[in-house]
Amino acid sequence: MPVVFSVDPRSGVPLYLQLVEQIKRAVALGTLAHGEQLPTVKALALELLINPNTVARAYRELERDRVIETSPGRGSFVRSSGAQGEAHTAAADVATNVIGAAVREARGLGLDRAAVRTLFEQALERWFKPEGKLQ
Amino acid sequence: MNAIAIRDLVKSYGKQRAVDDLTLEVDEGSVYGLLGPNGSGKSTTFKCLLGLARPDAGELAVCGSPVTPATFEYLSFVPERATLCDWMNGADHLEAARRAYAHYDEARAAELVAIFKLDLKKRVRKLSKGQQTALALVLAFSIRPRVLVLDEPSSGLDPIYQRVVLDLIIDAAAGGGTVVFSSHQIGQVERAADRVGILSNGKLVLQGDLDTLKGNRKVVEAVFPGEAVALGDLARDPRIEHITQNGRIVRAYLYRDPEAIVAAFNGLGARSVTVFDLTLEDMFLDSVEKRGK
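Here the protein sequences come in this chain order: S and Z. If you read the first sequence in my numbering, its first letter stands for residue 1, the second for the next number, and so on. If you read the second sequence in my numbering, its first letter stands for residue 136, the second for the next number, and so on.
Honestly, the hints are just simulated from the structure, not real lab data. Just so it is clear, CB atoms sit at the ideal spot from N, CA and C, and this is done for glycine as well. Careful, some of the hints might be misleading.
Said to hold, decoys possible - Below, a sample of chain Z positions facing chain S; criterion: calculated Cβ distance under 10 Å:
hint, residue
1, 310
2, 325
3, 346
4, 356
5, 408
What the hints assert, rightly or not - Partner residues aside, some chain Z positions facing chain S, computed with beta carbon under 7 Å:
hint, residue
6, 147
7, 150
8, 151
9, 166
10, 221
11, 299
12, 305
13, 309
14, 327
15, 329
16, 349
17, 350
18, 403
19, 404
As the list claims (entries may be wrong) - If you want the ones that stay clear, here's a sample from chain S, every Cβ over 10 Å from chain Z, calculated:
hint, residue
20, 45
21, 64
22, 70
23, 110
24, 114
25, 117
26, 125
Produce the complete structure using the sequences and hints provided.
Right under this line is the structure:
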């Protein structure tokens, strides 16, 4: 099992959601390859030292989101069929959460819509080349 | 099916209500973590469940049946203070378990003895409190029980062995076992449990699926320009569980949908509004303090 996930049980964010997001992120980044086998529920629960039902819930969620597929007796795998699309969705899900949190925080700090938009544009300038490619 | 069902349990010692109308159910394969301050009724609940104390009222069942001596063939109980025989050594205890239990797993016992570095030749009275706890745990897990009831399973253990206990609970649950355990350590409950209950003065003040509780409970914190904040109807808003004010800072505790409350605070002229997730520790302190008043 090459990918190591890390969850924070102290956090107020549900553990299964933390795991779902991390696995989506790993798939989107390619650290989990298409067709790659995920650890069993028991192995991952023991490795992360968290409740196995929580891990199972995360896997069910990922199946519903078509990020992984489970075949009885064989285990869970990152989906390969229509893989590009699924990885893209996974990436969008992760990015939506991150951007949402950032905008919420900015508003909480008292910035208005225009100020947030300016910051957003600056960030895009910084991280994307004009034609939209990652630098 | 409920592996454990406690319904409307009442138990008093003299005038003191140790357990006050408690209902607690644990599904098969689930791990239930019971939190509560000292004297909140955790141990009394376990004793009533297992027939070691006589309840004043209530229905109790393990795997659908009332507890009888036969229950202990598939249920392991580790009480707060390990009940071992002072004059016997560890090896004697393991031998007694081997003879008494059909599912006793000798290899597992040997493995656990090695993990806890137990000296099986030492008599129990010569063992430290932590080593006694460890021996009780070795016995409890070696009979491969379907149901485990653990009352403060880490008492007297150092942090390394506390992790071993977590490992044992998780391993048991992964194998389909049901576990109920009480703990002072929120961190242990956060890892091992999928369901939690918080006891205060004999009452369950909060109970539920841990991830669902975490997902639903939010705090919206608003900072206002001055201390005179006219909350108006917001103070009685049914969406808000309760609301606190400390100078210019107002906090609203909610079960869901913080967006409407954020908008309401913004409408009242809050300078900044932030939404926080409630941790289990927040929920624990919150529910225990509220009851204490």
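Right, here's what the structure says about each hint:
At its closest, the beta carbon of residue 310/Z sits 8 Å from a beta carbon of chain S; the interface hint therefore holds under the 10 Å criterion. Nearest Cβ of chain S to the Cβ of residue 325/Z: about 4 Å, under the 10 Å cut. The hint holds. Contact between residue 346/Z and chain S, as hinted, is supported at the beta carbon level, the nearest pair being about 4 Å apart and thus within 10 Å. Hint on residue 356/Z holds. Least Cβ distance to chain S is approximately 9 Å, under the 10 Å limit.
Of the supplied interface hints, the one on residue 408/Z holds, with its beta-carbon coming within about 5 Å of a beta-carbon of chain S, less than 10 Å. Hint status for residue 147/Z: violated, given a least beta-carbon distance of 34 Å to chain S, over 7 Å. Interface restraint check for residue 150/Z: the shortest CB-CB distance to chain S comes to about 39 Å, outside 7 Å, so the restraint is violated. Residue-level restraint check for residue 151/Z is violated (minimum Cβ-Cβ distance to chain S is 34 Å; threshold 7 Å).
At its closest, the beta carbon of residue 166/Z sits 6 Å from a beta carbon of chain S; the interface hint therefore holds under the 7 Å criterion. Contact between residue 221/Z and chain S, as hinted, is not supported at the beta carbon level, the nearest pair being about 34 Å apart and thus beyond 7 Å. For residue 299/Z, the interface hint is violated, since its Cβ never comes within 7 Å of a Cβ in chain S; the closest pair sits about 11 Å apart. Interface restraint check: residue 305/Z against chain S, minimum CB-CB distance 5 Å, threshold 7 Å, status holds.
The beta carbon of residue 309/Z is positioned within 7 Å of a beta carbon in chain S (closest approach about 4 Å), and the interface hint is therefore held. Satisfaction of the interface hint for residue 327/Z is found here, the shortest Cβ-Cβ separation to chain S being roughly 6 Å, below the 7 Å cut-off. Against a cut-off of 7 Å between C-beta atoms, the interface hint on residue 329/Z holds, since the closest Cβ of chain S lies about 4 Å away. The beta carbon of residue 349/Z comes within 5 Å of a beta carbon in chain S, closer than 7 Å, and the hint placing it at the interface holds.
Residue-level restraint check for residue 350/Z holds (minimum Cβ-Cβ distance to chain S is 5 Å; threshold 7 Å). Look at residue 403/Z: its Cβ only gets to about 14 Å from chain S, farther than 7 Å, so that hint breaks. Taking 7 Å as the C-beta contact cut-off toward chain S, the hint placing residue 404/Z at the interface is violated, the least distance being around 12 Å. A beta-carbon of chain Z is positioned within 10 Å of the beta-carbon of residue 45/S; the least distance is around 5 Å.
Its beta-carbon lying about 16 Å from the closest one in chain Z, residue 64/S satisfies the requirement of being farther than 10 Å from that chain. At roughly 16 Å, the least C-beta separation between residue 70/S and chain Z is larger than 10 Å, which holds for a residue marked as non-interface. Not every C-beta of chain Z lies more than 10 Å from that of residue 110/S, the closest at about 5 Å, which undercuts listing it as non-interface. Every beta carbon of chain Z lies more than 10 Å from that of residue 114/S, the smallest distance being close to 16 Å; the non-interface claim holds.
Against the 10 Å criterion, residue 117/S stays outside the reach of chain Z, whose nearest CB is about 18 Å from its own CB. Chain Z leaves residue 125/S outside its interface by the beta-carbon criterion, the shortest separation being 27 Å against a cut-off of 10 Å.
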